[in-house]
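Engineer: Chain residues, written in single-letter form:
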Amino acid sequence: NRIEQEKALLTSTTLYIGNLSFFTAEEQIHELFSRAGDVKRIIMGLDKYRKTPCGFCFVEYYTRSDAEMAMRFVNGTRLDDRIVRTDWDAGFKEGRQYGRG
Amino acid sequence: KRRRAPYVDDEDIEERLESLIARVGEKSTKSLVGNLEDLADVLVMDLNKYKQKIIKILISCYLRMPEKLTIYSTLAGLLNKANYDAGGEFVEILVRNLKECIRSNEFENARKLVRLISDLVNCRVIIAGSLLSMFDNFVEVTLEDNIPQSRSDWYVYAVLSSLPWVGQELQEKKEAEFERVLSTIENYLGKRQKIHAPALRVWSTDIPHPQEEYLDCLWAQICQLKDKNNWRESAIMRPYLAFDDRLCDALSHSLPQIIPHSHHDDDSYPLPHIVFRMFDYTDVPEGPTLPGSHSIERYLIEEHLHYLIHQNCMERKDCAAALLSYHGKDQVPINYMIVEVVFSQLLQLPKAPYLELMYGVLLLELCKLQPGSMPQVLAQATEMLYERLDTMNASCIERLISWFSYHLSNFQLRWSWDDWSQVAVATDLDSPRPYFVREVFQKCMRLSYHKRLIEIVPGAFEPLLPVAPKPRYKFEGEGSEKLAGKVAAQELKQVICSKCSPEQAVDVLRDLPNPLTDDDGSDMSGIYNPLKIEVFVQTLLHLGAKSFSHSFAAIAKFHQVLRAFGETQDAQICILKSVYELWQDNQHMLVFLVDKLLKTQVVGCGAVANWIFSPEMSGDFTCSYVWEIMHSSIKKMNKHVQKLTKEVEDAKDRFEAAERRARDGLDEDNDDDVPSEEQIERMEEKLEEAQSEQKNLFLIIFQRFIIILTEHLAKCESEGRDHSTPWYKWVNERLQQVFLMHHEQVFKYIQTLESFLFTSDVDVHILSVFQQFCALRS
Chain A
5 NRIEQEKALL TSTTLYIGNL SFFTAEEQIH ELFSRAGDVK RIIMGLDKYR KTPCGFCFVE
65 YYTRSDAEMA MRFVNGTRLD DRIVRTDWDA GFKEGRQYGR G
Chain B
82 KRRRAPYVDD EDIEERLESL IARVGEKSTK SLVGNLEDLA DVLVMDLNKY KQKIIKILIS
142 CYLRMPEKLT IYSTLAGLLN KANYDAGGEF VEILVRNLKE CIRSNEFENA RKLVRLISDL
202 VNCRVIIAGS LLSMFDNFVE VTLEDNIPQS RSDWYVYAVL SSLPWVGQEL QEKKEAEFER
262 VLSTIENYLG KRQKIHAPAL RVWSTDIPHP QEEYLDCLWA QICQLKDKNN WRESAIMRPY
322 LAFDDRLCDA LSHSLPQIIP HSHHDDDSYP LPHIVFRMFD YTDVPEGPTL PGSHSIERYL
382 IEEHLHYLIH QNCMERKDCA AALLSYHGKD QVPINYMIVE VVFSQLLQLP KAPYLELMYG
442 VLLLELCKLQ PGSMPQVLAQ ATEMLYERLD TMNASCIERL ISWFSYHLSN FQLRWSWDDW
502 SQVAVATDLD SPRPYFVREV FQKCMRLSYH KRLIEIVPGA FEPLLPVAPK PRYKFEGEGS
562 EKLAGKVAAQ ELKQVICSKC SPEQAVDVLR DLPNPLTDDD GSDMSGIYNP LKIEVFVQTL
622 LHLGAKSFSH SFAAIAKFHQ VLRAFGETQD AQICILKSVY ELWQDNQHML VFLVDKLLKT
682 QVVGCGAVAN WIFSPEMSGD FTCSYVWEIM HSSIKKMNKH VQKLTKEVED AKDRFEAAER
742 RARDGLDEDN DDDVPSEEQI ERMEEKLEEA QSEQKNLFLI IFQRFIIILT EHLAKCESEG
802 RDHSTPWYKW VNERLQQVFL MHHEQVFKYI QTLESFLFTS DVDVHILSVF QQFCALRS
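Respectively, the protein sequence lines represent chains A and B. Residue numbers for the first sequence follow the numbering used here, so the first one is 5 and each next one is one higher. Residue numbers for the second sequence follow the numbering used here, so the first one is 82 and each next one is one higher.
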């Protein structure tokens, strides 16, 4: 399972984005990450109970190379004055958008 | 002496040699000369056994790190001195590589190899006279008939760009022959066409700094190097000088004859460019002087910095560090030179060499590494670029807007805004400076949000600030009572909110009259109903207004309905108009929605192009977002064609491979992946269809451009006004942008364009844009 997980990470086109402000909207994330490539979709992380943004999201690209560009050039820069952290993600699955309440 | 670990196997050795050769010249406690000496000794010991490998590694390391040229040429010199045969083989392989690179159109690598061969004259590996014969053959290309200028340009460029290394040696040893080569070049440059130049200039004016064509500039630099400095420059580190007594009596080799192969129509030579100049010495307040624009040092250092960016651009931290630790950084104002080089790439036409975002991040890293000086230089540069917006090309202004908004967003949108506040009282808000500020605000708002932007920017900028990006839903609120679709819209909203099916939603709209037809019950088939479309699109997207995801979910759920509505191109344009009416105050949402409607095939690229040129869009026609939409639709079209092209090629390859296998009597049963001839035919038909669609798209766009520009020019002439208004400048340069941004694709249709659109009766102002484009490759 761990090997499969690692394989998935190596070919994934999805990034996990952390350290966002609770007020940062999907549109802002879209603008920033579009500068690295064509964004397929964004899934906002939501508070389990209140269903409000809680500081993380998933950004999925159409291609691996665009996602790699985002890893290189967006990770560690600022959005809404917070330093954005990006990480490879094995791919979004329903339910994963809910964070700790 | 370095002690060697016992080798395990060949692969191990190769890796070891590779690492030693790749790393020589990096910072170390020992001097470069000492390191080179040690490495040469190690290599000489291995030379008999691993000659081929060592030669291969040397060449590949050099091509990867061309700024280390003299280090590798010195090494080659030392090897040649120790082993004449190995030196000969090195030269032989180099020449073979050079020919191969030229044949396969890898001209940048070929140019690097010409330079290495030249520098080997300094290291006593190659005889000066034989290099001159090669140069002679190269410049003779300028006398060929019926070749594209880009071909002779490359051969001249390859010679000129090697001269800073070897000019002095040639002057001393072969003065007369060398003079002949130089005068051939001079004659060529004197008669060269430069029709393409205006299309590639960042600025249309030469004030304050001339923006020179690259060959003219390099020629001026070479002339100054020769006439004023007697071929002595101060930017090249030449480690071989330290080995002079060892190398001076080395045996040198003659180059074999290198005759350029004749021109082939498939050859594609590099595009020309214009040398970007932003600073001169008066801009640098203190410290070392900035080399003048015609001093060879400017060229050499710039090229070195370009190489460093090329190698490190995927690792922004390494890239910033490499640039700032350039070996001659104390002799020049390196920060200014770096900033100029970074902007020269960002603003380069037709395209920036790398992802535009990379430059933004690189500048942030540079500021982080030198917080005491870099931010000031960057601010000074920004101020200058702003001052010079009036004559800057629209494509460059656009990239500048995009970079600056990104940069500001990393610094809490803080800027000395008050210095620019005059711009808000400009009479024509379409002139470049107000345009720039207005668009920067728009982009800043996308990365931030409206309220924050309003808080930070001084009130004086009010006329340029965006309004709150809210939807304007026409079927609710004041004035909506009298609208024909009001009741249906209300009902539609209700049924959608109660999670109706697509069919139920269409049913609600069933009885809406069609304003396009008479009431006499005439045939309505084939005619779309703009009222139905408007009610449906506005209501659906208003319900999804909360975010991009909500809007997209709405489109996805009612995709069938939307596709059914958009049966004809006119209907698709009607859909786009309804979207625009709702979201005219939110450019970001418009860009997003049109993109999704294209991707989900609700609208086609042709509809988008026609919509952009429609009267309803004339108010926003110069806005940057409109062109973002236009170019992204063209790109989608291009990608589609590329994908189909590749599919056809792959299928043909597989088919041919299978045929070959069958001929050889091999595995007949392995046919699962082999396409049939009919399948390939169908794929080719699909590709042809897509190509004609692509051609059509370009035809629509260029035709509409010609129409509106011609109208403008005629109107100005009849009213006796000057035609060069800000509006005209934008539109003209947008036309240029379509050519340049998609030049590979547009070039395929150049014949069609010439015979159907850009004919001799078109106004010369418009025609010249086309001619400049054609000249890029002629």
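Read the hints as simulated data drawn from the structure, not as lab findings. Each hint should be verified, as a subset may be incorrect.
Sample of chain B residues at the chain A side, in silico, Cβ under 10 Å [stated by the list, open to error]:
| hint | residue |
| --- | --- |
| 1 | A257 |
| 2 | E260 |
| 3 | M395 |
| 4 | N491 |
| 5 | S628 |
| 6 | F837 |
In silico lysine-lysine, DSSO-like type, Cα no more than 27 Å apart, as pairs [claimed, not checked]:
| hint | chain 1 | residue 1 | chain 2 | residue 2 |
| --- | --- | --- | --- | --- |
| 7 | B | K563 | B | K532 |
| 8 | A | K44 | B | K716 |
| 9 | A | K44 | B | K309 |
| 10 | A | K55 | B | K677 |
| 11 | B | K724 | A | K52 |
| 12 | A | K44 | B | K733 |
| 13 | B | K567 | B | K551 |
| 14 | B | K638 | A | K55 |
| 15 | B | K255 | A | K44 |
| 16 | B | K724 | A | K55 |
| 17 | B | K580 | B | K680 |
| 18 | A | K44 | B | K724 |
| 19 | A | K97 | B | K677 |
| 20 | A | K55 | B | K309 |
| 21 | A | K97 | B | K580 |
| 22 | B | K432 | B | K724 |
| 23 | B | K638 | B | K733 |
| 24 | A | K55 | B | K717 |
| 25 | B | K717 | A | K44 |
| 26 | A | K44 | B | K658 |
| 27 | B | K574 | B | K680 |
| 28 | B | K567 | A | K97 |
| 29 | B | K410 | A | K44 |
| 30 | A | K44 | B | K727 |
| 31 | B | K551 | A | K44 |
| 32 | B | K309 | B | K432 |
| 33 | A | K97 | B | K680 |
| 34 | B | K767 | A | K55 |
| 35 | A | K97 | B | K627 |
| 36 | B | K410 | A | K52 |
| 37 | B | K767 | A | K44 |
| 38 | B | K551 | A | K55 |
| 39 | A | K44 | B | K580 |
| 40 | B | K677 | A | K44 |
Bear in mind that the values here come from a model prediction, so they are computed numbers and not experimental data. For each residue, glycine too, the CB sits at the ideal point set by N, CA and C.
Engineer: All hints, please: hold or fail.
Structural biologist: Hints versus structure:
no. : hint             : verdict
1   : A257             : violated, 53 Å
2   : E260             : violated, 50 Å
3   : M395             : holds, 6 Å
4   : N491             : holds, 5 Å
5   : S628             : holds, 5 Å
6   : F837             : violated, 32 Å
7   : B:K563 to B:K532 : violated, 34 Å
8   : A:K44 to B:K716  : holds, 16 Å
9   : A:K44 to B:K309  : violated, 58 Å
10  : A:K55 to B:K677  : holds, 26 Å
11  : B:K724 to A:K52  : violated, 42 Å
12  : A:K44 to B:K733  : violated, 31 Å
13  : B:K567 to B:K551 : holds, 20 Å
14  : B:K638 to A:K55  : holds, 22 Å
15  : B:K255 to A:K44  : violated, 63 Å
16  : B:K724 to A:K55  : violated, 40 Å
17  : B:K580 to B:K680 : holds, 25 Å
18  : A:K44 to B:K724  : holds, 18 Å
19  : A:K97 to B:K677  : holds, 22 Å
20  : A:K55 to B:K309  : violated, 73 Å
21  : A:K97 to B:K580  : holds, 24 Å
22  : B:K432 to B:K724 : holds, 22 Å
23  : B:K638 to B:K733 : violated, 39 Å
24  : A:K55 to B:K717  : violated, 35 Å
25  : B:K717 to A:K44  : holds, 14 Å
26  : A:K44 to B:K658  : holds, 25 Å
27  : B:K574 to B:K680 : holds, 25 Å
28  : B:K567 to A:K97  : violated, 41 Å
29  : B:K410 to A:K44  : violated, 44 Å
30  : A:K44 to B:K727  : holds, 23 Å
31  : B:K551 to A:K44  : holds, 24 Å
32  : B:K309 to B:K432 : violated, 36 Å
33  : A:K97 to B:K680  : holds, 23 Å
34  : B:K767 to A:K55  : violated, 46 Å
35  : A:K97 to B:K627  : holds, 23 Å
36  : B:K410 to A:K52  : violated, 55 Å
37  : B:K767 to A:K44  : holds, 25 Å
38  : B:K551 to A:K55  : holds, 23 Å
39  : A:K44 to B:K580  : holds, 25 Å
40  : B:K677 to A:K44  : holds, 10 Å
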